[in-house]
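Following the hints, complete the assembly by docking chain B onto the known chain A.
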Amino acid sequence: MKAFWRALAKNRLALIGGAVVLVLAIMAVGAPLLAPHDPNKPDVKRILDSPSSRHWLGTDQIGRDVLSRMLYGARVSLAVGFVSVGIATAIGIALGAAAGYHGGMVDAGVMRLVDLMLVFPRFFLLLAVLAFLKPSIWTIMAVIGLTGWMGVARLVRAEFLALKEREFVVWSQSIGASALRIIWRHILPNAMAPVLVAMTLGIPAAILTESGLSFLGLGVRPPYATWGNILNEGKEVIELAWWLSIYPGLAILITVLSYNLLGEGIRDALDPRLRQSVGRFGVRGR
Amino acid sequence: MQYWNWLKRIVFLDFGRSFAPHGRPVIQMIRERLPITLALNVVEMLIIVALAVPVGVTSATRQYSTFDKSTTVFVFLGFATPDFWLAVILQILFGVHLGWLPISGLRLPVWEYLPFWQQQWDFASHLILPITVATFGGLAGFSRYMRQSMLEVIRQDYVQSARAKGLPESVVIGKHALRNAMLPIVTVLGLSLPGLIGGSVIVETIFAIPGMGQLMVQAVYERDYPVIMANLVIVATLTLVANLIADLSYSLIDPRIRVSRRGRR
Numbered sequence: 125m126k127a128f129w130r131a132l133a134k135n136r137l138a139l140i141g142g143a144v145v146l147v148l149a150i151m152a153v154g155a156p157l158l159a160p161h162d163p164n165k166p167d168v169k170r171i172l173d174s175p176s177s178r179h180w181l182g183t184d185q186i187g188r189d190v191l192s193r194m195l196y197g198a199r200v201s202l203a204v205g206f207v208s209v210g211i212a213t214a215i216g217i218a219l220g221a222a223a224g225y226h227g228g229m230v231d232a233g234v235m236r237l238v239d240l241m242l243v244f245p246r247f248f249l250l251l252a253v254l255a256f257l258k259p260s261i262w263t264i265m266a267v268i269g270l271t272g273w274m275g276v277a278r279l280v281r282a283e284f285l286a287l288k289e290r291e292f293v294v295w296s297q298s299i300g301a302s303a304l305r306i307i308w309r310h311i312l313p314n315a316m317a318p319v320l321v322a323m324t325l326g327i328p329a330a331i332l333t334e335s336g337l338s339f340l341g342l343g344v345r346p347p348y349a350t351w352g353n354i355l356n357e358g359k360e361v362i363e364l365a366w367w368l369s370i371y372p373g374l375a376i377l378i379t380v381l382s383y384n385l386l387g388e389g390i391r392d393a394l395d396p397r398l399r400q401s402v403g404r405f406g407v408r409g410r
Numbered sequence: 002m003q004y005w006n007w008l009k010r011i012v013f014l015d016f017g018r019s020f021a022p023h024g025r026p027v028i029q030m031i032r033e034r035l036p037i038t039l040a041l042n043v044v045e046m047l048i049i050v051a052l053a054v055p056v057g058v059t060s061a062t063r064q065y066s067t068f069d070k071s072t073t074v075f076v077f078l079g080f081a082t083p084d085f086w087l088a089v090i091l092q093i094l095f096g097v098h099l100g101w102l103p104i105s106g107l108r109l110p111v112w113e114y115l116p117f118w119q120q121q122w123d124f125a126s127h128l129i130l131p132i133t134v135a136t137f138g139g140l141a142g143f144s145r146y147m148r149q150s151m152l153e154v155i156r157q158d159y160v161q162s163a164r165a166k167g168l169p170e171s172v173v174i175g176k177h178a179l180r181n182a183m184l185p186i187v188t189v190l191g192l193s194l195p196g197l198i199g200g201s202v203i204v205e206t207i208f209a210i211p212g213m214g215q216l217m218v219q220a221v222y223e224r225d226y227p228v229i230m231a232n233l234v235i236v237a238t239l240t241l242v243a244n245l246i247a248d249l250s251y252s253l254i255d256p257r258i259r260v261s262r263r264g265r266r
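Sequences listed follow chains A and B, in order.
Residue numbering for the first sequence follows our numbering, starting at 125 and increasing by one per position.
Residue numbering for the second sequence follows our numbering, starting at 2 and increasing by one per position.
Hints in this document: simulated from the structure, not taken from any laboratory.
For glycine and all other residues, C-beta sits at the position ideal for the given N, C-alpha and C.
Beta-carbon label-pair distances, calculated as ranges:
| id | chain 1 | residue 1 | chain 2 | residue 2 | range |
| --- | --- | --- | --- | --- | --- |
| 1 | A | 165 | B | 101 | 39 to 45 Å |
| 2 | B | 211 | A | 134 | 47 to 53 Å |
| 3 | A | 146 | B | 18 | 52 to 58 Å |
| 4 | A | 237 | B | 254 | 26 to 32 Å |
| 5 | A | 363 | B | 252 | 49 to 55 Å |
Partial pick of chain B residues on the chain A-facing surface, computed with a CB cut under 7 Å:
| id | residue |
| --- | --- |
| 6 | 86 |
| 7 | 195 |
| 8 | 199 |
| 9 | 217 |
| 10 | 236 |
| 11 | 237 |
| 12 | 240 |
Chain A on its own, in the form it takes in the complex (with noise of 0.2 Å):
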């Protein structure tokens, strides 16, 4: 553990990424208290107006704040990237130990419902499933976390067909331990670091895919600010307020960018052969 900080405090990237990781936290959650504006409340005298000491983002069609809706939009984003890896983190660690563990029938099951699942283009799949149901922000965290959560079975799997061979599990299983005791107690904590790093790089892939189906107007609905609802309204005035497209889209640039380089970071500390199995395909959402 000790190496690990050590090789994780060694890579200035992956420690800038985690700081801004850290204060985009501390933003989201801190929203009521630092925005300046209530996020939601309509100006008509100040429709559209640009960046000023007033309102640093500018305000947008309706002159609400940008600034306190972006606030306002971490916490929706951030919250969507959460909730959702967990989902999918939750889903892929059962799947992928019992198909590891059990091997056999369970396996070959599992597995070929990966397969199954990996035939349809996410982005797809999700469009597809959300039509058919009632759009809500929690719709949006389930559908995400139900449609990504294949890469983290495979990577349980992997990590289970080779710890189940180790002495520990054996002697574990001669003195008569269950199959769950074995698989939560002895296996799982053994093969967490992939999964740690695919969770790491799974938020930032669950941002973007809530922005662009935000962006698309199929994603979070308003009055919920997220970053990709304030793009979604800011491209139909594009010409007259660059403000409310530029930001939000730096905004996701940044925080992105910021949990890739937290997430690689945290790969390369814990075992750099991890780059082979981990976060060659999860890094982008689509």
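For chain B alone, kept in the frame of chain A given last:
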């Protein structure tokens, strides 16, 4: 039971009729749009490979050079840039402010009346921005994989022995190393196809290109379920076919892997 009937009809490519007021058969709508999306994705793929391979090889052979470092920066930016945002910004910059390129559709309304060469230019100029946006992220990814794969290969012994034989560096890299480094790339290429096709949803919607992606978004807006389901089926089939092509092309690159006729591996 309804689902079973639907499945039975799919075998004959009968997806029913659209819920939209025009009520056209879904297959007809797809037939108009599929070639556009397909052609765009193939062109994007070719551009990505054509650019990413030399970039990746160069940054691997000159690891930690200025070129390598600047491509690394580009890669991270490419991964992090939301494609829809890039699209909007390029539209404003080149379409509105500079007025160099058209920002939506595939052809001008007066296309039919233009002379031949102007027609070609008009078509091409409509494609520049969408293709740039669609290739941006993929290019970043692939040059990264290419670099990684190349770095692994040039450490191998046979590359050293090829050098020791006195072969010129260009042959060592271009022939011995590249061929082996391409192998994992073909895998990634196959795996990333769904992503590329998925990306056409955003690109086609923003640039108003009448392809499958735009059809999908419109269908979701209108809750046109027959069209949605048919779209999913077609796109999944495309992915499967693309994966099959990737698998088959292994044997072209690597003679060790043969697609055997007698079930022998």
